[in-house]
Amino acid sequence: MATTATGEIGAGGRPVAAASNLSARMARSWRRNGAGYLFLTPWLIGFFGLTLGPTLASLYLSFTDYDLLTPPRWAGLKNYEYAFFQDERLRHALWVTFQYVIWAVPLKLAVALALAMALDRSVRGVGLYRAAFYLPSLLGASVAIALLWRLIFGADGLVNHLLFVILGIKGPGWVTHPDYALWTLIALAVWQFGSPMIIFLAGLRQIPQDLYEAASMDGAGPPRQFFRITLPLLAPVIFFNLVFQTIEAFKAFTQAFIVSGGKGGPVDSTLFYSLYLYIEAFENFRMGYASALAWLLLVIIGVFTAIAFLTSRYWVYYEDEGR
Amino acid sequence: MTMPGTSRKSAAWQSVSRHVILLLAAFGMLYPLIWMAASSFKPDNMIFTQPSLIPSVWDFSNYASGWHALRVDFTTFYKNSFLISALAVIGNLMACSLTAYAFARLNFRFRRFWFAMMMGTLMLPYHVTLVPQYILFLNLGWVNTYLPLIVPRFLAVDAFFIFLMVQFFRGIPREIDEAAIMDGCGPWRIYWRIMLPLSTPVLATAAIFSFIWTYDDFLAPLIYLNDMRQYTVPLALRAFIDSSGGESLYGEMFAMSTLSLLPVFLVFLAFQRLIIRGVALGALKR
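Quick mapping for you: the protein sequence lines, in order, are chains A and B.
Here my numbering is used: the first residue of the first sequence is 1, the next is one more, and so on.
Here my numbering is used: the first residue of the second sequence is 1, the next is one more, and so on.
Mixed in with the good hints there might be a few duds.
Result set (SDA-like, lysine to any residue): computed pairs, CA atoms no more than 25 Å apart in a straight line [unchecked claim]:
hint: 1; chain 1: A; residue 1: Lys-170; chain 2: B; residue 2: Gly-28
hint: 2; chain 1: B; residue 1: Lys-9; chain 2: A; residue 2: Ala-118
hint: 3; chain 1: B; residue 1: Lys-9; chain 2: A; residue 2: Gln-209
hint: 4; chain 1: A; residue 1: Lys-170; chain 2: B; residue 2: Ser-52
hint: 5; chain 1: A; residue 1: Lys-263; chain 2: B; residue 2: Phe-240
hint: 6; chain 1: B; residue 1: Lys-79; chain 2: B; residue 2: Ser-65
hint: 7; chain 1: A; residue 1: Lys-170; chain 2: B; residue 2: Leu-53
hint: 8; chain 1: B; residue 1: Lys-9; chain 2: A; residue 2: Gly-221
hint: 9; chain 1: A; residue 1: Lys-263; chain 2: A; residue 2: Leu-296
hint: 10; chain 1: A; residue 1: Lys-251; chain 2: B; residue 2: Leu-124
hint: 11; chain 1: A; residue 1: Lys-263; chain 2: B; residue 2: Ala-220
hint: 12; chain 1: B; residue 1: Lys-9; chain 2: A; residue 2: Phe-226
hint: 13; chain 1: A; residue 1: Lys-251; chain 2: B; residue 2: Met-123
hint: 14; chain 1: A; residue 1: Lys-263; chain 2: B; residue 2: Val-143
hint: 15; chain 1: B; residue 1: Lys-9; chain 2: A; residue 2: Ala-215
hint: 16; chain 1: A; residue 1: Lys-170; chain 2: B; residue 2: Pro-32
hint: 17; chain 1: A; residue 1: Lys-251; chain 2: B; residue 2: Ala-239
A few chain B residues that don't get close to chain A, going by computed Cβ distances all over 12 Å [claimed, not checked]:
hint: 18; residue: Trp-67
hint: 19; residue: Phe-82
hint: 20; residue: Arg-174
hint: 21; residue: Arg-193
hint: 22; residue: Pro-201
Simulated from the structure, these hints should not be mistaken for laboratory data.
Here a beta-carbon is modelled for each residue, glycine too, at the ideal position from N, C-alpha and C.
Only chain B is shown next, with the shape it has when bound in the complex:
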């Protein structure tokens, strides 16, 4: 048994050393990101020779030249990315909440069966549907359009969001629906006027993650978009490696990469709580 005094002292020590370790770990984790952001302000010849995190000169020219470094400029890429992401978010929210409402609240024949099917699609790796979906969209003449990236969202293919919403809807007290039914509300009005307004947390979580995943998505745009004027931001960044060949455009690449992370970073700052809670629910992947 130790004296209370010494144990308090050792507890203080423990706390200090814990903080030192955590701070070092956090710094190590964020170092690559900070280094990239700092490098985007440095002239090319100083990026690797000067590993300091604060540039000695703040040089914005990488941003200006990076923006126009490819045949098409980044204004177009950002417009494309934001358009696709916005439509994907709308599609996911509408289609997934309709489906989730049916599973959570409505009674119909084979509901359990369909629900099991829906959960089954959660486990299906995307590889299995990749080739036939491509063939389908090719035959519909949708390759080189945004339709393959958007239409599936309006058909609730992201079962994960359905699952999340079903869980949430089930938590809303049934008395509320019953009172609404007594007042003569049909399912549509209950869904639109009661469920959706009560579900803003789960809708926001789904919106945030479908924005981030669509904005970052690389494989689907890679397969379906061939014309540079249609490229999304990730495709444009990838074109950077191809066009710069020997990778001499480090500064420009860093500038555009840093900029491309900004939307997701801002979403994180604004909705940190929702994102962390979403992950902690034990179901989100990233």
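So here's chain A without its partners, still in its complex pose:
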């Protein structure tokens, strides 16, 4: 602390020699910046070594052929050309992933909003219900749940057993049938509506109750209240959940891997984009192509996010607008 004390006295306008002035300024600059950068050091190493460096390396590798054994060979646009014009499996993986995103995200958000509204008006035991609805989301990312799903929707799994006992129907092997396998994964995603529900609940609490009271005085029924008050005032929260869940859905990997036994089957019907990327990189060792796939995904997610943000001007109103 002694150096800073002299530094401050020097800065206080007392005549000091130029040399000591310089050292005082350096000491002050160190005091200003040094501590910050010292605290930042671990992050800076991680940022350059594990994030920025690899990101640039990935961009470079996407223009090469690389199998880990021989050094990367420059291939120009070959990987991208293959991805755009020839790779039927990629086209299929994209189709599977889009279907998953388009069904799972809106369904999940609709269920989450419905239950958040059912839980809102100070229901007794809110805490217990909320815990019960949230638990699947917390556990759902695990391999154990994916295994469970595999067995529930298997040919002689729980679902078919119940179908047989209750309706007398002999159901198909849902996870082994190409028409249904993706739907089991969509169901698994919807089952995990807990975190958007909690975010909706927090959002609903922000809506002033007197708005509803005023509306019902004016004779507006529940549907009208929902469309005229709840939805517009909740728009920022819906927007957040939508963007976030969409990105998460594009990144989904573990559940598809386990349910399909690591292959994306049957007949590639659960070949999620991330799973395809994994197979290309770590089973076929096409590191260059996998890097190109990673950059394509980055662009796809970026485009989706940009669309969401650009259109949000027309449907998301923030209360503090018009500052």
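Given the coordinates of chain A, assemble chain B onto it according to the supplied hints.
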């Protein structure tokens, strides 16, 4: 306009029907989990033929045989999982809080720039760094060690936790730091003696979520660990599908799956409030 009496009656009805619906929904949500736990106590031949949730016989043999069903037993897998998770939690807490303190409280050149960079990494999908990081760790000779799973945590790569902590640190009144500076405390002492002790809620939230995410993580162990003696619990469960081939070991698989959910479940029971509040902050993913 209805009479006050009838409207009160209909309100009571509404409340009852609401509870019935909510109870049914909650039961439906939890049914698969309860069914799995119940099945883990049933002999294989009764799992699918007897969908009741209370086993007629309590059979613990699935747990005993499941524990030793693979070449390596689950003692090793749990040790590995807990070791990796514990180190990841420590790394995340230390590195992310240091970074967050710098962003929230210290002044240095280009702070805004670095902060923007940090926020940018939040949006970056893991796919982009996956391959080059693998190549890096391969060249460092770290494949088949736990280093690729642990070292990044000590370098604050989970920007999400940094963001969470920055938000929290900014909420701590600056007067406290200023008083400490007057008393001659340097940044390190302010960070260690004042900020961290005042930040237990956010540190606990970060610890809980980094434990759960590391414990459940599947992709990174899948890529970096090849020797079964190094497997984490999720990898071991996955090996169950491979080794049982025709999936005849249902009971054992259920027993080990149920057991593997227990740590996260217990964390949830113990820290429910913190977890729910963490999610409600609008930033947590699960």
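Do the hints match the structure? See the list:
{"no.": "1", "hint": "Lys-170(A) / Gly-28(B)", "result": "22 Å, holds"}
{"no.": "2", "hint": "Lys-9(B) / Ala-118(A)", "result": "19 Å, holds"}
{"no.": "3", "hint": "Lys-9(B) / Gln-209(A)", "result": "22 Å, holds"}
{"no.": "4", "hint": "Lys-170(A) / Ser-52(B)", "result": "20 Å, holds"}
{"no.": "5", "hint": "Lys-263(A) / Phe-240(B)", "result": "16 Å, holds"}
{"no.": "6", "hint": "Lys-79(B) / Ser-65(B)", "result": "19 Å, holds"}
{"no.": "7", "hint": "Lys-170(A) / Leu-53(B)", "result": "22 Å, holds"}
{"no.": "8", "hint": "Lys-9(B) / Gly-221(A)", "result": "19 Å, holds"}
{"no.": "9", "hint": "Lys-263(A) / Leu-296(A)", "result": "21 Å, holds"}
{"no.": "10", "hint": "Lys-251(A) / Leu-124(B)", "result": "11 Å, holds"}
{"no.": "11", "hint": "Lys-263(A) / Ala-220(B)", "result": "18 Å, holds"}
{"no.": "12", "hint": "Lys-9(B) / Phe-226(A)", "result": "24 Å, holds"}
{"no.": "13", "hint": "Lys-251(A) / Met-123(B)", "result": "12 Å, holds"}
{"no.": "14", "hint": "Lys-263(A) / Val-143(B)", "result": "23 Å, holds"}
{"no.": "15", "hint": "Lys-9(B) / Ala-215(A)", "result": "22 Å, holds"}
{"no.": "16", "hint": "Lys-170(A) / Pro-32(B)", "result": "20 Å, holds"}
{"no.": "17", "hint": "Lys-251(A) / Ala-239(B)", "result": "23 Å, holds"}
{"no.": "18", "hint": "Trp-67", "result": "15 Å, holds"}
{"no.": "19", "hint": "Phe-82", "result": "15 Å, holds"}
{"no.": "20", "hint": "Arg-174", "result": "16 Å, holds"}
{"no.": "21", "hint": "Arg-193", "result": "15 Å, holds"}
{"no.": "22", "hint": "Pro-201", "result": "16 Å, holds"}
In the structure shown, no violation is registered for any of the earlier numbered hints.
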